[in-house]
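Q: One letter stands for each residue in the lines below.
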Amino acid sequence: MSTWRSVRRMLHGGLESDLPAPLSDLPPPPSRAGGAARPYADIVIAAHDARSPVAASADYRLTGDFDADTAIVAAALAELFDGGRILLTDGHFLPVWHLGVQHRLEGMGDRTVLLAGVECDGTLSSVANVRFEQGAGIVVRADDCAISSCDFAQVYGDFAIEAMPSTRATSVIGCTFRNAAVVDLKGYDAMIRNCRFLDGSGVRAHDQGVTALLMDACTFEGQYQAGSLPSGVLQYAIDYYGPLIVVTRCSFDVQAAGPTTDLGPNGISIDGGVVVFRANVVRATGRFKFAAIISADTGSVTGNVFTGTGLDEQTGLVFFNMDAGTGGVIAHNLFRAGMRANPLDTSRVAPVNIDAFDPGKGGVLFRGNVVRHDPLTPAAWRYGVWCGGGPPSRSYVVHNDLRNFAPTPGWTDAPVFGAVLTSLTGNVLT
Amino acid sequence: MSRESRVLRTMGHGMASGRSEVAQPLTRQSSGGGGTPRGRRLPWASRIIVGAGATAEQKAAADVVVSDGYISGLSGNPIQVAIDELAALGGGEVLLAGLLTVVPAMDLKSGVRLSGIDRLSRHSSSRIELRNGMTLRSGSRISDIHVLGNPTGLTTPSLTVVSSATDVTVDGCMFESTSAPSIVISNGASVVIRDCVFWTHYKLPQTVRPWAVYGPEATLGQSRVLIEDCLFSTGQFGAYHDGASTDFSRTSVSAFLDGPFWTFVRNCTFDGPTSTGQACIHAAIAEFTGNTVRLASDCFFTAPDAAIVGNIFEANVFVKGKESAFIDNQMMLVDRRIPYLTVFNPPQGRSMVAANVISGRHNAQDSPEMVRLVGGATWFHGNVLRAPDTKPSYAVSATPDTVVVHNDLRGAYATAAVNGIGGSPLLNLSGNLT
Numbered sequence: 045m046s047t048w049r050s051v052r053r054m055l056h057g058g059l060e061s062d063l064p065a066p067l068s069d070l071p072p073p074p075s076r077a078g079g080a081a082r083p084y085a086d087i088v089i090a091a092h093d094a095r096s097p098v099a100a101s102a103d104y105r106l107t108g109d110f111d112a113d114t115a116i117v118a119a120a121l122a123e124l125f126d127g128g129r130i131l132l133t134d135g136h137f138l139p140v141w142h143l144g145v146q147h148r149l150e151g152m153g154d155r156t157v158l159l160a161g162v163e164c165d166g167t168l169s170s171v172a173n174v175r176f177e178q179g180a181g182i183v184v185r186a187d188d189c190a191i192s193s194c195d196f197a198q199v200y201g202d203f204a205i206e207a208m209p210s211t212r213a214t215s216v217i218g219c220t221f222r223n224a225a226v227v228d229l230k231g232y233d234a235m236i237r238n239c240r241f242l243d244g245s246g247v248r249a250h251d252q253g254v255t256a257l258l259m260d261a262c263t264f265e266g267q268y269q270a271g272s273l274p275s276g277v278l279q280y281a282i283d284y285y286g287p288l289i290v291v292t293r294c295s296f297d298v299q300a301a302g303p304t305t306d307l308g309p310n311g312i313s314i315d316g317g318v319v320v321f322r323a324n325v326v327r328a329t330g331r332f333k334f335a336a337i338i339s340a341d342t343g344s345v346t347g348n349v350f351t352g353t354g355l356d357e358q359t360g361l362v363f364f365n366m367d368a369g370t371g372g373v374i375a376h377n378l379f380r381a382g383m384r385a386n387p388l389d390t391s392r393v394a395p396v397n398i399d400a401f402d403p404g405k406g407g408v409l410f411r412g413n414v415v416r417h418d419p420l421t422p423a424a425w426r427y428g429v430w431c432g433g434g435p436p437s438r439s440y441v442v443h444n445d446l447r448n449f450a451p452t453p454g455w456t457d458a459p460v461f462g463a464v465l466t467s468l469t470g471n472v473l474t
Numbered sequence: 070m071s072r073e074s075r076v077l078r079t080m081g082h083g084m085a086s087g088r089s090e091v092a093q094p095l096t097r098q099s100s101g102g103g104g105t106p107r108g109r110r111l112p113w114a115s116r117i118i119v120g121a122g123a124t125a126e127q128k129a130a131a132d133v134v135v136s137d138g139y140i141s142g143l144s145g146n147p148i149q150v151a152i153d154e155l156a157a158l159g160g161g162e163v164l165l166a167g168l169l170t171v172v173p174a175m176d177l178k179s180g181v182r183l184s185g186i187d188r189l190s191r192h193s194s195s196r197i198e199l200r201n202g203m204t205l206r207s208g209s210r211i212s213d214i215h216v217l218g219n220p221t222g223l224t225t226p227s228l229t230v231v232s233s234a235t236d237v238t239v240d241g242c243m244f245e246s247t248s249a250p251s252i253v254i255s256n257g258a259s260v261v262i263r264d265c266v267f268w269t270h271y272k273l274p275q276t277v278r279p280w281a282v283y284g285p286e287a288t289l290g291q292s293r294v295l296i297e298d299c300l301f302s303t304g305q306f307g308a309y310h311d312g313a314s315t316d317f318s319r320t321s322v323s324a325f326l327d328g329p330f331w332t333f334v335r336n337c338t339f340d341g342p343t344s345t346g347q348a349c350i351h352a353a354i355a356e357f358t359g360n361t362v363r364l365a366s367d368c369f370f371t372a373p374d375a376a377i378v379g380n381i382f383e384a385n386v387f388v389k390g391k392e393s394a395f396i397d398n399q400m401m402l403v404d405r406r407i408p409y410l411t412v413f414n415p416p417q418g419r420s421m422v423a424a425n426v427i428s429g430r431h432n433a434q435d436s437p438e439m440v441r442l443v444g445g446a447t448w449f450h451g452n453v454l455r456a457p458d459t460k461p462s463y464a465v466s467a468t469p470d471t472v473v474v475h476n477d478l479r480g481a482y483a484t485a486a487v488n489g490i491g492g493s494p495l496l497n498l499s500g501n502l503t
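Note that the protein sequences, when read in sequence, are chains L and F.
Start counting the first sequence at 45; every next residue gets the next number (our numbering).
Start counting the second sequence at 70; every next residue gets the next number (our numbering).
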């Protein structure tokens, strides 16, 4: 019996009377091995519990039995020999989906729910407009795969999206991630746009293979924690290591969690060859070690707003280490922090920390920024901008607004601290 | 455990037997003629209700058919009955098709969704006219529906999110309103509004000017509202619901958006001619990023620490926050009054205006400068100002504690680049190109 006939028999077992008409009076299409599969086409697959009217005319209707549905899905996908669109009705789908070249999996309703994962095995495959629940997610194993308008409700420990090593050009657009979901990028070149990372969800890319990450207009909300993590908590909103990262127009509203005896987490941790961090808004609350730590051989951090509210025992709002290559520019940002002294490091409190000590390299230009500091508790030292790394520092701190550092009784205040700063001119201090 | 196994177990499948508790076939119901919705109680329960103009296929699948689409409430509201039933089940979805006019007030209870029947026919096949509005609660979601406000001049909002509601989503809807706000958000509510279109038009001879999204200012400081990828517009959109009014003034619509604290507005377009001197955005908005604003009236940002970053404005802007950041915006105004940008600071205010491009041709003036910085200690740095045609007297006017440094002010003034308001010179004024 051909695959098609066996599937058809399974499909009709106990169900035929429920359908308004047989699936089709056309001769059953041969299996893929038969050599006459359809070219790029649409296939409609209805969930066993679909309510949408379109389910009545679907090409396939699932049964709700995992094994049977797996066979049906395999047969359906085999029809799409040259790529095509698989339209899913509303309802719950149990099987794992293995998408081939140019296979487009799309939900037709607001409640197309996948309870098992999708494997993008073919290039140019895509997934759109479906909801993943109970830990199901997407594994990308091929180039040029696109994921859009999907909703991921993860169980901690599962990846919402995992792009495997050597894959290229994965794009994620308009998706929502919940419950500490992780987008893990191991391949080359990824783009993430218009996505929401809720409940402490985040993006991670640690592997050397990642060459570029472009992230635009995304929102991050939730709690993050350093050290040993309880279930459902991540360490970072972004934790990226790679040659190029561009983060623009994103909003981070992040809170630090965890015991007060540890240094807090870093809300945003970026370590790239070239980093562009522009027009983002970062709001951090709680015991972050740094709300953002940005390291780059060459980087620009411009037009951002960094705000720390209710910061507690924190070592800094932001930390920049951007002089290993041709240098970095930090310009036209607003840094605003209310901080307490850190019991693990009581020597200093500074919203902005810059390490720039590579001799012969470009150094860091810190220009046109505004730094505000509303201390919550006394510390031995208080600075606006701390330039470290040992002498000679290669920080150029020029033409910034560093007011708001009027001496406080019992404090030692300084707008800028640094060992042998190369340039420190034009700042407005009073 | 494999993902498949986990799913099976979670779904109640016996691992040994492979039996499924959810694998029951759908028993299709015949179309109803009103009354109590029928249908199986599925894991995610749903009810289909169709009104006037629904297709035969939609009617065939429906639990309830309201043939004329009019629900007066005299014999019960089948939509509300379905909502109540699904809420009792712990959640579900009411699917609508065709046009339904609902007179009674409705309550979309927690965990229940109200959706258009087919996302692929967004904004067209599913319409609901809410004569007395609908209340949204925690977990409510409304999507892919064309929502019509009350056409009779009543000011009941189309949707009202109750106090402290969480995880409320309004997605993919078109709102058409003539006399009342489309969405009102109460104190402490958490709401996401995405991918919606707001047509807030003004139907003569009414004088009420509706906000599209409104958070009463009495609720400041509590709610969290995210508005993304929406279009706020005015227009002469057809008044098909009453079939009579077609005279929508394109110059009398005033207000689009008002919001409480923690409103995040991103990637939206505000487009529509409005009356000069009236507010079209008047909001305590925490973040306003990546938007395009083309309005004949003004934008007021009143949050104490608003971040207004990376927008395009073709509208006069007033920033009234204490520590606001106005960064990396482009302002291009033609035939508008000056000042184009006004920053009001309270006495301890420390706003930041940096890296913006501001240009235009003015035809009237409230004061003689392009940018006016009043009060506090604003930091004005790295901006480019241009006035290629009509030169204002000054590029920038500011009170003494303002710092105006390293800006490009060439060609943006007739008398002086920077003017001290009240006659006092600015203490920090250096590095500007003039």
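One should not assume that every hint holds.
What the hints assert, rightly or not - Pulled a few chain F residues facing chain L out of the computed Cβ check, cut under 7 Å:
#1 Gly379
#2 Ala424
#3 Val426
#4 Gly451
In short, the hints are calculated from the structure, not lab data.
As the structure is a prediction and not an experimental result, all values here were calculated from the model.
Note that the Cβ used here is the ideal one computed from N, Cα and C, for glycine as well.
Q: Could you run down the list of hints and mark each one as holding or not?
A: Hints, one by one, checked against the model:
The interface hint given for Gly379 of chain F is met, as the beta carbon of that residue sits about 4 Å from the closest beta carbon of chain L, less than 7 Å. Here the hint on Ala424 of chain F is kept, as its CB sits about 4 Å from the closest CB of chain L, short of 7 Å. With a cut of 7 Å, the hint placing Val426 of chain F at the interface with chain L is violated, because the nearest CB-to-CB distance is about 12 Å. Below 7 Å, beta-carbon pairs count as interface contacts, and Gly451 of chain F has one with chain L at about 5 Å; its hint therefore holds.
Violation of the numbered hints given earlier is confined to hint 3; every other hint is satisfied by the structure.
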